[in-house]
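Take a look at the letters that make up each chain.
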Amino acid sequence: MRWVRKIHKWVSIIIAIQFLLWLLSGLYFNVMDGSKASGRTYKSKQVHQVQYNLNQLLEPQLVLQKHDEVVELNTVELLGQPYYLLAHEKALYAHFVNRYSLVNALTGQLVAMDKTMANALAKQSYNGPGEIIESKLISNKLVDFPKQKNPSWQINFNDEINTSVYIEAGSGRIVGHSDDHKRLADIAFMLHFIDYDNVGGFNNIQNWLFAFFTLWLTLSGLIWTIELGIKGRYTP
Amino acid sequence: MSAAKASRKYHKWLMLFLGVQFVIWSVTGTYMVFFDIDYIHGDSMVMNHQTKVNTSTINYSLKSLTQQYPEATNLSVGSFIDKTVYRFSMNGEQYLVNASNGHLLSPLNEQNAIHAADHYYTGNGSVTHIELITANPPFELSKRVLPAWRVNFSDFGAPSLYISAQTGKLVTKRHQFWRIFDWMFRFHVMDYEGSEVDNSLLFWFTAFGLFASITGLILMYYRVFHNPLKKIFRTLTIKRSY
Chain A
2 MRWVRKIHKW
12 VSIIIAIQFL
22 LWLLSGLYFN
32 VMDGSKASGR
42 TYKSKQVHQV
52 QYNLNQLLEP
62 QLVLQKHDEV
72 VELNTVELLG
82 QPYYLLAHEK
92 ALYAHFVNRY
102 SLVNALTGQL
112 VAMDKTMANA
122 LAKQSYNGPG
132 EIIESKLISN
142 KLVDFPKQKN
152 PSWQINFNDE
162 INTSVYIEAG
172 SGRIVGHSDD
182 HKRLADIAFM
192 LHFIDYDNVG
202 GFNNIQNWLF
212 AFFTLWLTLS
222 GLIWTIELGI
232 KGRYTP
Chain B
-3 MSAAKASRKY
7 HKWLMLFLGV
17 QFVIWSVTGT
27 YMVFFDIDYI
37 HGDSMVMNHQ
47 TKVNTSTINY
57 SLKSLTQQYP
67 EATNLSVGSF
77 IDKTVYRFSM
87 NGEQYLVNAS
97 NGHLLSPLNE
107 QNAIHAADHY
117 YTGNGSVTHI
127 ELITANPPFE
137 LSKRVLPAWR
147 VNFSDFGAPS
157 LYISAQTGKL
167 VTKRHQFWRI
177 FDWMFRFHVM
187 DYEGSEVDNS
197 LLFWFTAFGL
207 FASITGLILM
217 YYRVFHNPLK
227 KIFRTLTIKR
237 SY
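Residue numbers (the working numbering), protein chains in the order written: chain A, 2 to 237; chain B, -3 to 238.
Please keep in mind that the hints were generated in silico from the structure rather than gathered at the bench. Cβ coordinates follow ideal geometry from the N, Cα and C atoms, glycine included. Keep in mind that a hint or two might mislead.
Using C-beta positions, here's what the derived DEER-type ranges look like [claimed, not checked]:
| id | chain 1 | residue 1 | chain 2 | residue 2 | range |
| --- | --- | --- | --- | --- | --- |
| 1 | B | LYS59 | A | LYS67 | 11 to 21 Å |
| 2 | B | LYS1 | A | ASN159 | 38 to 48 Å |
| 3 | A | VAL32 | B | LYS48 | 45 to 55 Å |
| 4 | B | PHE207 | A | TYR235 | 31 to 41 Å |
| 5 | A | GLY81 | B | SER138 | 22 to 32 Å |
| 6 | B | GLU106 | A | LEU93 | 21 to 31 Å |
| 7 | B | LYS48 | A | ASN54 | 38 to 48 Å |
| 8 | A | LEU25 | B | PHE13 | 12 to 22 Å |
| 9 | A | SER39 | B | SER96 | 38 to 48 Å |
| 10 | B | ASP178 | A | LEU25 | 20 to 30 Å |
| 11 | B | PHE207 | A | GLU135 | 42 to 52 Å |
Just chain A, with the same shape it has in the complex:
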């Protein structure tokens, strides 16, 4: 079947480079250290015990009455202090667009996350040798966490792997840690997902096209192999 060989040959030209990139990045995912690749090298595993008693806190009803309408009020502990986290808009997932207020649960005071608080939260989550060298609030897409849709503080440490800790400004939630290990893994994911826009996903036109051609390559290869077998060409 001449056409099977023709397809195999011409399709292989179209996808050759991407095909090798898939295999190379796939091999990398297989051998990489998952903990390092997800940025957890200097992530503290310490669990913070709740240090407050619920009966010390303000009546939630009083707090709710003083603020915009709320979908959900949660008690959270940040730096040993109890807070009420008010979600005015609550998305399906934390990284989707949410709108929060953070209220001191003892005094009722509205708290805006400033640099000092973000730095302290980042330090608490960090167990490496570095010191903070830079902190900035980022409202655009985070290169290290492209799926996070809420403004976040980026706190950079001067360790040997350039750790950045991300704190969600509205809630104090740790978005994640990133460092040079994770950034290398992110490049591998970018290559594997053909995600050069850094969306953090694989549903893109480039993938659809390459997937389509790859199907032709592997299926024509399969038919070819079967054909060789039938013709008895697999005798050593």
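Please build the complex by placing chain B on the supplied structure of chain A, with the hints as guidance.
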């Protein structure tokens, strides 16, 4: 043996053993890239209600709650369908309490679980099956969220919603396309023992697959781009008729 000849030999023999996995990679990969991941995750199956807490209905105070449940932690105030509720944990379990009268709503009974599932579900179908899962959850349900009600609906794709029996919250959701996606992923990373991406089977297939593909690349080069040799190579291949 020339590079072309050697490549042809290796490509032919290696792909005899590896070829099926290349077909699996391409078929499973195609499935995963073509279905939108948010659709796969069932985001369109559920309504993200933004029901606001009605503070005037809170007649049961935190003070009463802490008297009744002195060891309560992780308090939240929100809604369960149309009721304003407290949720909290105590001794490793979670509780759901009506904020207007302090009545304990957890663990959820079957009727409340159906109400909740209907409330979250966006489809038009009706409930076909409901069960309370307290142990040995299916693959698609995390052990951490037990006990949970599984509520199946009659729509296309065999949708299931899982409702926590303790908090009344939607804990996860599944339809057939997500279940298939999970299988596709496992075949894609050759995870036949639940050992995930770093398994040695995948390593050897990818490593040899890489070598086999490079031989394919060499063949392509000779057949397409290497003009001076092209003729000789072609006559050779026709004579030996591949």
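Hints, verified against the model:
{"no.": "1", "hint": "LYS59/B / LYS67/A: 11 to 21 Å", "result": "holds, 18 Å"}
{"no.": "2", "hint": "LYS1/B / ASN159/A: 38 to 48 Å", "result": "violated, 56 Å"}
{"no.": "3", "hint": "VAL32/A / LYS48/B: 45 to 55 Å", "result": "holds, 50 Å"}
{"no.": "4", "hint": "PHE207/B / TYR235/A: 31 to 41 Å", "result": "violated, 19 Å"}
{"no.": "5", "hint": "GLY81/A / SER138/B: 22 to 32 Å", "result": "holds, 30 Å"}
{"no.": "6", "hint": "GLU106/B / LEU93/A: 21 to 31 Å", "result": "holds, 26 Å"}
{"no.": "7", "hint": "LYS48/B / ASN54/A: 38 to 48 Å", "result": "violated, 28 Å"}
{"no.": "8", "hint": "LEU25/A / PHE13/B: 12 to 22 Å", "result": "holds, 20 Å"}
{"no.": "9", "hint": "SER39/A / SER96/B: 38 to 48 Å", "result": "holds, 44 Å"}
{"no.": "10", "hint": "ASP178/B / LEU25/A: 20 to 30 Å", "result": "holds, 25 Å"}
{"no.": "11", "hint": "PHE207/B / GLU135/A: 42 to 52 Å", "result": "holds, 45 Å"}
The structure fails to meet hints 2, 4 and 7 from the earlier list, while all remaining hints are met.
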